[in-house]
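Peer 1: Quick note: the sequence shown uses UniProt numbering, first residue 1, plus one each step.
Because the hints were derived from the structure by calculation, they are not lab data.
Keep in mind that a hint or two might mislead.
Said to hold, decoys possible - Pair by pair, the computed Cβ-Cβ distance ranges are: (1) 122 - 166: 31 to 41 angstroms; (2) 115 - 55: 19 to 29 angstroms; (3) 64 - 131: 28 to 38 angstroms; (4) 96 - 133: 30 to 40 angstroms; (5) 63 - 32: 37 to 47 angstroms; (6) 61 - 99: 15 to 25 angstroms; (7) 104 - 162: 27 to 37 angstroms; (8) 129 - 106: 15 to 25 angstroms; (9) 100 - 122: 21 to 31 angstroms; (10) 128 - 32: 37 to 47 angstroms; (11) 112 - 81: 21 to 31 angstroms; (12) 100 - 163: 41 to 51 angstroms; (13) 162 - 56: 21 to 31 angstroms; (14) 133 - 166: 33 to 43 angstroms.
Source: prediction; values computed, not measured.
The C-beta atom is built at its ideal place from N, Cα and C for all residues, glycine as well.
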Amino acid sequence: MNDFTKLFATTNLDYGNTALRNRKLQTNLDQNVLKKAARIKLLLTDCDGVLTDAGVYYGENGEVLKKFNIRDGMGVERLRKLANVDTGIITGETSPSVVARAAKLKITELHLGCKDKLALLPDILTRTGLDASEVAFIGDDVNDLEIQQAIGFSACPADAARQNKAIVDYCCNAKGGEGCLRELAELIIDAKQIISKQPTAIPAIYENHYT
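Work out the full structure: start from the sequences and follow the hints.
Peer 2: So this is what it looks like as structure tokens:
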């Protein structure tokens with residue numbers, strides 16, 4: 001468990017208590033992790049297992065239903081308003097509920113039925129004018145590994161596959177469907193604030209906490 005994760009796991013900090021949370025981040029987070037998070041301008045996410053709990057629910061007519069976490073939605077809004085970071089969804093599924101959720105959250109990138117997520121990256125970078133180092137991706141399973149290793153900041157939920165946990169920059173305390181995207185959003189927001197104010201003052205006092 002990394003130290004930003006411990007902050008959420010062991011305290012009852014309000015998401016809005018930025019000053020207190022940032023003081024803890026300055027002490028506990030590796031400087032390189034903060035710098036990488038602070039560069040992010042686009043956060044891409046898988047859907048099933050990240051925005052949802054990876055469960056499959058069927059309606060009475062056989063339609064597939066998904067449950068989304070409201071706090072993740074607030075994270076998307078806060079990223080856009082406080083950090084000027086857009087959010088996108090890349091998923092192998094084609095569920096209408098994902099389309100509806102993306103529209104509700106004003107998602108700028110929505111890619112459905114995608115079996116090769118890495119193959120989408122060059123086009124996304126060209127259209128947005130971003131460098132790969134300015135893109136983050138959060139995913140939970142082995143089909144996310146390639147894109148996670150190709151972008152600037154990678155993350156996974158607490159219940160992700162062991163292969164993902166082994167290579168990401170940040171493993172959330174929250175599980176898929178339980179606010180992991182919100183947790184990552186707050187990390188990015190806070191990292192931008194800390195780095196912009198104190199670009200060289202964050203001690204890298206913890207090692208090997210981020211894989």
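Peer 1: Now look at each hint and say whether the structure bears it out.
Peer 2: Verification of the supplied hints:
no. : hint                          : in the structure
1   : 122 - 166: 31 to 41 angstroms : 26 angstroms, violated
2   : 115 - 55: 19 to 29 angstroms  : 21 angstroms, holds
3   : 64 - 131: 28 to 38 angstroms  : 36 angstroms, holds
4   : 96 - 133: 30 to 40 angstroms  : 34 angstroms, holds
5   : 63 - 32: 37 to 47 angstroms   : 45 angstroms, holds
6   : 61 - 99: 15 to 25 angstroms   : 18 angstroms, holds
7   : 104 - 162: 27 to 37 angstroms : 33 angstroms, holds
8   : 129 - 106: 15 to 25 angstroms : 20 angstroms, holds
9   : 100 - 122: 21 to 31 angstroms : 28 angstroms, holds
10  : 128 - 32: 37 to 47 angstroms  : 24 angstroms, violated
11  : 112 - 81: 21 to 31 angstroms  : 26 angstroms, holds
12  : 100 - 163: 41 to 51 angstroms : 31 angstroms, violated
13  : 162 - 56: 21 to 31 angstroms  : 22 angstroms, holds
14  : 133 - 166: 33 to 43 angstroms : 21 angstroms, violated
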